[in-house]
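Asks: Given next are the chains, with one letter for each unit.
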Amino acid sequence: NAGVMQNPRHLVRRRGQEARLRCSPMKGHSHVYWYRQLPEEGLKFMVYLQKENIIDESGMPKERFSAEFPKEGPSILRIQQVVRGDSAAYFCASSPPGAVNTGELFFGEGSRLTVL
Amino acid sequence: AQKITQTQPGMFVQEKEAVTLDCTYDTSDPSYGLFWYKQPSSGEMIFLIYQGSYDQQNATEGRYSLNFQKARKSANLVISASQLGDSAMYFCAMRGDRAGYALNFGKGTSLLVTP
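Chains as they are written, first to last, in our numbering: chain A, 14 to 129; chain B, 228 to 342.
Since the hints were derived computationally from the structure, they do not count as laboratory data. Wrong hints could be hidden among the right ones.
Just a sample of chain B residues kept apart from chain A, beta carbon distances all over 10 Å, derived [to be verified]: (1) Val240; (2) Glu244; (3) Asp249; (4) Ile273; (5) Thr287; (6) Ser292; (7) Val305; (8) Ser307; (9) Ser309; (10) Leu311; (11) Ala320; (12) Asn331; (13) Lys334.
With a straight-line cut-off of 16 Å between C-alpha atoms, the simulated EDC-like cross-links for lysine to aspartate or glutamate are [to be verified]: (14) Lys230/B x Glu85/A; (15) Lys297/B x Asp249/B; (16) Lys334/B x Glu53/A; (17) Lys334/B x Glu54/A; (18) Lys40/A x Glu70/A.
Bear in mind the structure is a predicted one, so any value in this text is a computation, not a measurement. All C-beta atoms, glycine included, are put in the ideal place defined by N, C-alpha and C.
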């Protein structure tokens with residue numbers, strides 16, 4: 014009974030490269046959330062997706078960041094032309110249908126991006 | 228707008244003692260939920276406890292309890308009988324019904340349990 018799976022756990026990129034972070038939600042969960050944690054900070058909401066739909070992207074930077082959750086396969090957070098300020102831990106969380114307002118989010122172990 | 232404030236950057240507690248981690252919040256939502264998460268040094272986020280704003284009783288989960296004082300807008304986490312494995316970062320978070328689906332997190336409190 015696997016939890017939320019994120020990969021890679023650690024990713025190193027040079028400035029200007031692309032970073033792709035993947036997230037497979039828990040079995041039976043159709044809601045996926047991406048959060049970013051900067052050093053010494055709490056998590057900041059980025060985007061909320063359901064299968065093939067972006068529901069809320071109010072926390073996503075306007076440029077270079079995109080997210081998708083296709084019908085088949087994991088959710089992808091894509092960062093183009095990375096800069097040093099993108100270095101952070103990126104957490105994916107999932108929740109089952111019907112638990113959006115009251116239910117807990119189940120978090121993955123995070124993907125730690127380092128931009129050189 | 229919602230705001231979560233955790234004023235204690237770090238706390239120490241002796242093993243087997245109880246400890247209270249403070250959390251205050253501000254929101255204009257009439258209905259909201261409050262959460263506590265634990266983040267050990269390995270980095271994962273572990274859900275601990277949830278309190279709904281209309282819940283009449285304070286939430287409890289094993290050694291964790293939430294001291295919810297709605298009028299004071301506080302949602303402090305109480306850990307009883309601390310264990311060495313409780314050493315971690317603790318984050319308070321809230322979600323408001325009108326504020327979308329985002330969980331808003333505080334900056335966290337680092338708890339160190341000493342023998």
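Asks: Test the statement that Ser307/B is away from the interface with chain A: the closest C-beta pair must be farther apart than 10 Å.
Replies: At about 21 Å from chain A, Ser307/B clears the 10 Å cut-off, so the statement holds.
Asks: Does the claim that Ala320/B lies off the interface hold, with its Cβ farther than 10 Å from every Cβ of chain A?
Replies: Non-interface label fails for Ala320/B: nearest chain A Cβ at 8 Å, not farther than 10 Å.
Asks: Is the nearest Cβ of chain A still more than 10 Å from the Cβ of Lys334/B?
Replies: violated, 5 Å
Asks: With the threshold set at 16 Å, check whether the alpha-carbon distance from Lys297/B to Asp249/B stays at or below it.
Replies: holds, 14 Å
Asks: Once the closest CB in chain A is found, is it more than 10 Å from Ser309/B?
Replies: About 22 Å separates Ser309/B from the closest Cβ of chain A, which puts it past 10 Å; holds.
Asks: Since Asn331/B was said not to touch the interface, does its Cβ keep a gap of more than 10 Å from each Cβ of chain A?
Replies: violated, 7 Å
Asks: Would the non-interface assignment of Val240/B survive a Cβ cutoff of 10 Å against chain A?
Replies: holds, 21 Å
Asks: Is it correct that the beta-carbon of Leu311/B has no partner in chain A closer than or equal to 10 Å?
Replies: holds, 22 Å
Asks: Does Glu70/A lie within 16 Å of Lys40/A when you go C-alpha to C-alpha?
Replies: violated, 23 Å
Asks: Taking the minimum C-beta separation from Asp249/B to chain A, is that value above 10 Å?
Replies: holds, 14 Å
Asks: Does the no-contact call for Glu244/B survive, Cβ to all of chain A over 10 Å?
Replies: Given that every Cβ of chain A is farther than 10 Å from that of Glu244/B, nearest at about 26 Å, it holds.
Asks: Against chain A, does Thr287/B keep a CB gap of more than 10 Å to every residue?
Replies: holds, 15 Å
The structure is inconsistent with the numbered hints 4, 11, 12, 13, 14, 18, although it conforms to all the rest.
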